[in-house]
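Peer 1: Chains as they are written, first to last, in the working numbering: chain A, 176 to 488; chain B, 64 to 365.
Honestly, the hints are just simulated from the structure, not real lab data.
Just so you know, even glycine gets a beta-carbon here, dropped at the ideal spot from N, CA and C.
Hints should not be assumed to be uniformly reliable.
[What the hints assert, rightly or not] A short, non-exhaustive set of chain A residues, derived as facing chain B with CB atoms under 8 angstroms:
hint, residue
1, V190
2, I193
3, L194
4, L313
5, F320
6, L332
7, F426
8, V430
9, I449
[Unchecked claim] Some chain A residues well away from chain B (every beta-carbon gap over 12 angstroms; in silico):
hint, residue
10, I223
11, P235
12, Q239
13, L283
Spelled out from the first residue to the last, the chains are:
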Amino acid sequence: MQRYLVQRILSSIPVLFILAVIVFAVLRVSGGDPAAIIAGKDAPQWQIEAIRNDLGLNKPVYFQLGVYLGDVLQGDLGESINSKKPVITLIKERIVPTLSLAIMTEILTLPISIPLGVLAAWKANTWVDRGILIFSTLGFSIPIFFLGFLLIKAFALELPWFPAAGYVPPGEHFGNFLHRIILPSLCTAILFWAFLVRMTRATMIEVLREDYIRTARAKGLAEGGVLITHALKNAALPIATVVGWGIAELFAGIVVTEQVFAIPGMGRLIVDSIVRRDYPVIQGCMLTIAVLQVIVNLLTDMSYALFDPRIKY
Amino acid sequence: MQEQIKTLNVGSLVDIAKKQWGPFVDKLEWTWRRHPMLLVGIAILIFMALLAIFAPYLWTVDPTAVDPPNRLKEPGSAYWFGTDFVGRDVWSRTIYGTRVSLAVGFAVGALSAVTAAFFGLLAGYFNTFDLIIMRIMDAIMSIPHILLAIALVSMVGGSVPIVIFAIWFVTFPRAVRVVRSSVLSLREEVYVEAARAIGAKTPRILWYHVLPGTIAPLMVTGTLIIAGSILTEAILSFLGAGIDPETPAWGSMMADGRRTISMAMWVVGIPGGFLTLTVLGINMIGDNLRDILDPKLSRSGT
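I would like the entire structure built from these sequences, with the hints used as guidance.
Peer 2: Rendered as structure tokens:
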């Protein structure tokens, strides 16, 4: 296990390297010249050239990549072309709202969706199952920004229970923070909830048809024990895959939710930076998210061994 | 003659239909009893496909025609679905928007299923490929797919093939992961071991013994991908990074309607409703298709 862990951590370095190269390549090949954008619409050519020279944009791409990777290894993500602030500072400012949203969503999701999925599988093909499935399919099919609009229309405009948009840092006023984060979290949670219920049900149904479940029932084990110890544990592997995958989905959902609810998080930072071609910020943010994702993937793979002793690392 | 006409009631029509297309009608009846949601989903999808195909003939006007004096008209007899903030006809825009969504969804679904089966089998069955393939997949997956898609689309511009390529690129690694994780346990199955023991060649084992086992998860994932790609396309259009805004698409319609949400909910609600209904239909098909295709899960005999 320890050897596997070290191996996996080492092997995530190439993942991050490949990622940095992909992001770098995509951004450099993409049209649009940050120097021209900074200089303004009617700037003379020499001014654009000067800015390009300043930013090192006239050097070959592989040279820029090398310089960038060297800086990253020293913990320097560069500074924003647009606001001149260090990228690390910008990320530190913006990561709290995004993480709060992610954590709140998980809190609203996991304790509800997995038991519901198990229930649906246990009561498969009954009305309980159909009801849960229809609701989860519906939740899964609504585009997240449309859901956001509906929530805003219903719970902010028609019934003025929550503010329609905005964000308060948790350190400033925790009550207001909660009040404002609930509607956006609910918006992401409904999507994630639907997704997890579906997958839990699907894998549980498959597992519940196995011979060892029949055996467990035949030897008179209580139904709860069969469901939890025998079935859920065996279904945990695909479910864990889906939760790990779901976290990438979650970040994607948060990008949209932040846009709809005007939350100043990393998603908005990145979308704004893509529009402005602020390369260092985009790279820094993507690298940060990638590090988070690599950690989650690692935990997912490690959880396989935890749930299924047949898988050895 | 008189009697013949009398007997031509609905019941006898079903009889005639049965005589003519017997097996098909039986099959339809059987499906309707066991998987009603499958037929509902197919009906929704056929309806949307018909809208997409016959868009120019469905009493539509030019979906890009701006008419400021008639802006934000409520749905009524003149404008079935009302007009948006510059007076464009929401009915026409919604109908034409069907085309973009369906084209992107099905193209991405088909591409992803094939590529995921291929890479998933390689990665799951051969340890040597596993390391390389999964590291690349991890790298792609560790960027939130919407952000990477935005970056890719902004690379070349928002044409339909580019959007399809971008969504495929950010989606298929997830399917590879699902296929791989089922291959990982399938290759330990006794029947695979038995096939190996009697000397079956590796391609044969993969094709006849491992691949069929990945079909059920791949079906579910494939459906999720078609539905998800339609949603992703809408999100890209919504964020203004999708197909060029001249082409009517549901996502960009809703982005336009955002500023008038408090007074004109229909500008957002109608494309949102169509989008939800389409995705819902596809998800219903996937759910039921899975039950039918996977013999282990079939309801017959239970």
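Peer 1: Each hint: holds or not?
Peer 2: Status of each hint after checking the structure:
1. Contact between V190(A) and chain B, as hinted, is supported at the beta carbon level, the nearest pair being about 5 angstroms apart and thus within 8 angstroms.
2. At about 4 angstroms, the closest approach between the beta carbon of I193(A) and any beta carbon in chain B falls short of 8 angstroms, and the interface hint on this residue holds.
3. Taking 8 angstroms as the C-beta cut-off, the interface hint given for L194(A) holds, the closest approach to chain B being about 4 angstroms.
4. Interface hint status for L313(A): upheld, as the beta-carbon distance to the closest one in chain B is roughly 6 angstroms, under 8 angstroms.
5. Here the hint on F320(A) is kept, as its CB sits about 5 angstroms from the closest CB of chain B, short of 8 angstroms.
6. About 6 angstroms separates the beta-carbon of L332(A) from the nearest beta-carbon of chain B, less than 8 angstroms, and the hint is met.
7. Hint on F426(A) holds. Least Cβ distance to chain B is approximately 4 angstroms, under the 8 angstroms limit.
8. Because the closest C-beta pair between V430(A) and chain B is about 5 angstroms apart, less than 8 angstroms, the hint holds.
9. Because the smallest distance between the Cβ of I449(A) and any Cβ of chain B comes to about 6 angstroms, under 8 angstroms, the interface hint for this residue holds.
10. No Cβ of chain B approaches the Cβ of I223(A) within 12 angstroms, the least distance being about 20 angstroms, so the stated non-interface status holds.
11. Every CB of chain B lies more than 12 angstroms from the CB of P235(A), the least distance being 19 angstroms, so the non-interface label holds.
12. Here Q239(A) stays apart from chain B, with its beta-carbon at least about 17 angstroms from theirs, past the 12 angstroms limit.
13. The Cβ of L283(A) sits about 20 angstroms from the closest Cβ of chain B, beyond the 12 angstroms cut-off, so the non-interface label holds.
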